[in-house]
Every structure is written in structure tokens, then in C-alpha cells.
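A.B. asks: Chains A and B, in that order, give the protein sequences. At position 32 of the first sequence the residue is numbered 31 (numbering that gives the first Met the number 0), and the sequence of numbers has no breaks. At position 57 of the second sequence the residue is numbered 56 (numbering that gives the first Met the number 0), and the sequence of numbers has no breaks.
The reader is advised that the hints may include incorrect statements.
[Unchecked claim] In the DSBU-like style, the derived pairs of lysine-lysine whose C-alpha atoms are separated by at most 35 Å in a straight line are:
{"hint": "1", "chain 1": "B", "residue 1": "K133", "chain 2": "A", "residue 2": "K195"}
{"hint": "2", "chain 1": "B", "residue 1": "K133", "chain 2": "A", "residue 2": "K8"}
{"hint": "3", "chain 1": "B", "residue 1": "K74", "chain 2": "A", "residue 2": "K174"}
These are computed hints drawn from the structure, not numbers from a lab.
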Amino acid sequence: MAKVKVARKSTFIDMTAMSDVTVLLLTFFMLTSTFVKKEPVKVTTPGSVSEIKIPETNVLQILVDGKGKVFMSLDKQADLAATLESVGGQYGIKFTPEEINKFKLNTTFGVPIKSMKTFLGLSKEKQDEVLANEGMPTDSVDNQFKVWVKTARSLNPDLRIAIKADQETPYSVIKNVMNSLQDLKENRYNLITSLKVTEEEKK
Amino acid sequence: MSAEVQQSSGDGKKKRGGSKQKKMNVRVDFTPMVDMNMLLITFFMLCTSLSKPQTMEISMPSNDDVPEDQQTKVKASQAVTLLLDENNKAYYYLGEPNYKDYTSLKETSYDADGIRELLLKKNRSVVAKINDLKQQKVNLQISQDEYNKLSSDAKGDKSSPTVIIKATDKSTYKNLVDALDEMQICSISKYVIVPVTSGDKFLLENFKSKGAHSANSDNKQ
Numbered sequence: 000m001a002k003v004k005v006a007r008k009s010t011f012i013d014m015t016a017m018s019d020v021t022v023l024l025l026t027f028f029m030l031t032s033t034f035v036k037k038e039p040v041k042v043t044t045p046g047s048v049s050e051i052k053i054p055e056t057n058v059l060q061i062l063v064d065g066k067g068k069v070f071m072s073l074d075k076q077a078d079l080a081a082t083l084e085s086v087g088g089q090y091g092i093k094f095t096p097e098e099i100n101k102f103k104l105n106t107t108f109g110v111p112i113k114s115m116k117t118f119l120g121l122s123k124e125k126q127d128e129v130l131a132n133e134g135m136p137t138d139s140v141d142n143q144f145k146v147w148v149k150t151a152r153s154l155n156p157d158l159r160i161a162i163k164a165d166q167e168t169p170y171s172v173i174k175n176v177m178n179s180l181q182d183l184k185e186n187r188y189n190l191i192t193s194l195k196v197t198e199e200e201k202k
Numbered sequence: 000m001s002a003e004v005q006q007s008s009g010d011g012k013k014k015r016g017g018s019k020q021k022k023m024n025v026r027v028d029f030t031p032m033v034d035m036n037m038l039l040i041t042f043f044m045l046c047t048s049l050s051k052p053q054t055m056e057i058s059m060p061s062n063d064d065v066p067e068d069q070q071t072k073v074k075a076s077q078a079v080t081l082l083l084d085e086n087n088k089a090y091y092y093l094g095e096p097n098y099k100d101y102t103s104l105k106e107t108s109y110d111a112d113g114i115r116e117l118l119l120k121k122n123r124s125v126v127a128k129i130n131d132l133k134q135q136k137v138n139l140q141i142s143q144d145e146y147n148k149l150s151s152d153a154k155g156d157k158s159s160p161t162v163i164i165k166a167t168d169k170s171t172y173k174n175l176v177d178a179l180d181e182m183q184i185c186s187i188s189k190y191v192i193v194p195v196t197s198g199d200k201f202l203l204e205n206f207k208s209k210g211a212h213s214a215n216s217d218n219k220q
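Chain A with its partners taken away, still in its complex shape (with noise of 0.2 Å):
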């Protein structure tokens, strides 16, 4: 009996036109990407029907979460540095160049000023750990959270003011924000949202 010849056939396969997809892909979103900020808390935002979309920079943007903990983000990292700086001279605090570069690396912050120094001194991990217990203090006594803005706005004038808040969170709180911004005569702001379809727009 004659053998039966099976043709072996290579199991190579082109990659080349996979690859260009890939790298195609790849591209976009590399070029489309604005990546995720960290927050020391989770917020969800209320939904609403405005289409305005935020500013990519200059934004001073002011977090609150549903137990009413405050906390800033600056999206440059040369304001950040020189707010701190100036913020820490203005309560007699001196930030040596390391502190400096370390406070510029995280982009949202908000201890107390006077644990501001301990606070660049913990490792990475120690800090997203203790920035989500901690807060800016707002209270009238110690209004923190009103003298960072002010510095922030004085050094960047460009700066749009957002808050993003918690849908959860108490209006006093909101209030107590608001009220320290007004007295800043920063009378525009915007809320951050996530958008929502109302019924007449869905017919």
C-alpha cells in the first residue's frame, strides 16, 4: 500500500498585520490617554444633566467626601511646590528641597499643616494610609483649607476652582466650602457630576 503523503503545512502564522492593529491601537490610547488621578477616598459624584466638561489643567480641584473630610489636588506639579512653600511660610514652617520634591509627587493632598512634616517623611504607602484619615481642617478657628486656596489662586490665577463632592455628602459641610470660598470672593466654581439622561432627553 502506497503511504498516504499528509502535506505538513507550516503552522506559522503572520503576525506583521496583528502587530500593526496592536501597535495602531496602542497608539490611540497612549495619545488619548488622561490617566486616572488617585483619591485618598472613594467619592461618587451626583449625576446631572449639564454637558460642560471640566478643564484639563489649571484646575484646583476640591474633594469632600461623605464624612466631610477636605482635601486638595493641583494638577501642576510647579504649583504645588510653590504653594507649599508659600503656605508653610505663611504658619513659619520651612520645607527643605526633599520634602519639596516629595510633596510634588502626590497630586492631592490635605493634612494639617503642622503634620505636614512628619507627614512627607512616612515611606509611599504609610502616606495614601494616613492622607485618607486625615483631612484639611475648614472650621472658622483654624480655617487651613481657606489659606491654601488663597495661596493656590495668588500663585496661579489661571486656576478654576471644581468641587467634587459626595453625593452623600452633608450640605453643612458643602456650606462650610462654600462659605470660605465666597469669602475669598471666589464667587464661580464649578461641581463635577457624572452626567445623567433625563427622561426627555432619552425620547
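With the hints as your guide, set chain B onto chain A.
C.D. replies: This is chain B only, laid out in the frame that chain A set:
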């Protein structure tokens, strides 16, 4: 499989120069490259926020004292006061508060049939205009800029109501945003967030106790 360079042996043709040169079949295996790319894509997909969050722009009244003669007075007939209370409850009264009659304060909600219905009714002419403009924009009859201009003109209509939002300390941030949202939906341009006065607290208490408070205060007087 690593990148392999296959050599085609055998059919090396003689070139003019006479030197025997092997023809190389340069076929690189792209599988690891694809693997790596996929990994990177996954990373970028997980780490990015494609949709930017929405924002609401609000302007608060400044703290500066405005002299009496420069203050803008709101016509009582056009004023709607919205009180936001705890447990997602909302109340409203029209015009001047009536402390005697607890039924002047009415309970409402943030749903489509709550405060929105009232405001849409009050703001009917403006809403109609805005909807008309929106339709024109969809039909490409007017540009975005024109739409913006015309809609702000329409919103500035004198007959549109003024909404005064008063949030109590027990209401949540969501209530406030919902209330502001209703202003957007109902195309109301004139609204303001002001602190709750003792009069409003009285109204709320009075409503909850069904007029007991006003009856008491009447007796005292």
C-alpha cells in the same frame, strides 16, 4: 518560539560577481511583539478615564454688602422658594412666605413630576423658545454660536421665574445638585442659593406639625 531567521538554503543563485551569496529569508516572528503590545493596550485601557467628568458652573452671590438701592428685588409673583430638607424631601412656596397658613408650603420631589412640572409650567414661554432653538440647531438651521446667543437671550426673558434655593444642613449634596439640575432642565436663568432663615425653619416645622406652630404663636400674640 523566539524570533527566528530562516535561512533558505539550496537555491542560492550565482550572482554576476561570481561570489556565492546566500539569500536570507528574513521572516521575523511577531508573536512576542503582539503579546507585549496587547499587554500595553490592556494597561492603558485600564488606567485611563476616557470620559471626562461633567461639571456644573455656578456663580454664588458675593459676600459684599450691596447697598439697598442697588439690590435687585424679585417680584413676589415670580419668586419660587425651594427648601431642601433631610431624607430627600423638598418643599416649595410661591412668592412671599405665609407664616399663618401651613398649606402655603407644599411638598414636592426631585422627580420629573415634582418641582420640574411646576417650573416648566411657570417658565413655559422660555422653555418653548429653547426647545424651538434646539430643534433648529439639530436641523442645522443655526450654528452653535447662534444657538448659544439666542438661548441666553431667551433665558433672560423678564417673565421667567426666579428660584431661590435654600438647603437645610440636613440635606445632602446630591439634593443640591438635583435642584440645580432642575434649573438647567427648566431653562431657568435666575436662581440663587441662599442660607436658610429662621422663618423658613419655622415654615418647615409648621408644615410637619400641620399648623401647630402658627396656632401657638397666634395664641401668644
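A.B. asks: Next, verify each hint and record whether it holds.
C.D. replies: Going down the list of hints, with the structure as the test:
no.: 1; hint: B/K133 / A/K195; verdict: holds (19 Å)
no.: 2; hint: B/K133 / A/K8; verdict: violated (63 Å)
no.: 3; hint: B/K74 / A/K174; verdict: holds (27 Å)
When the structure is compared with the earlier hints, a violation turns up for hint 2 alone.
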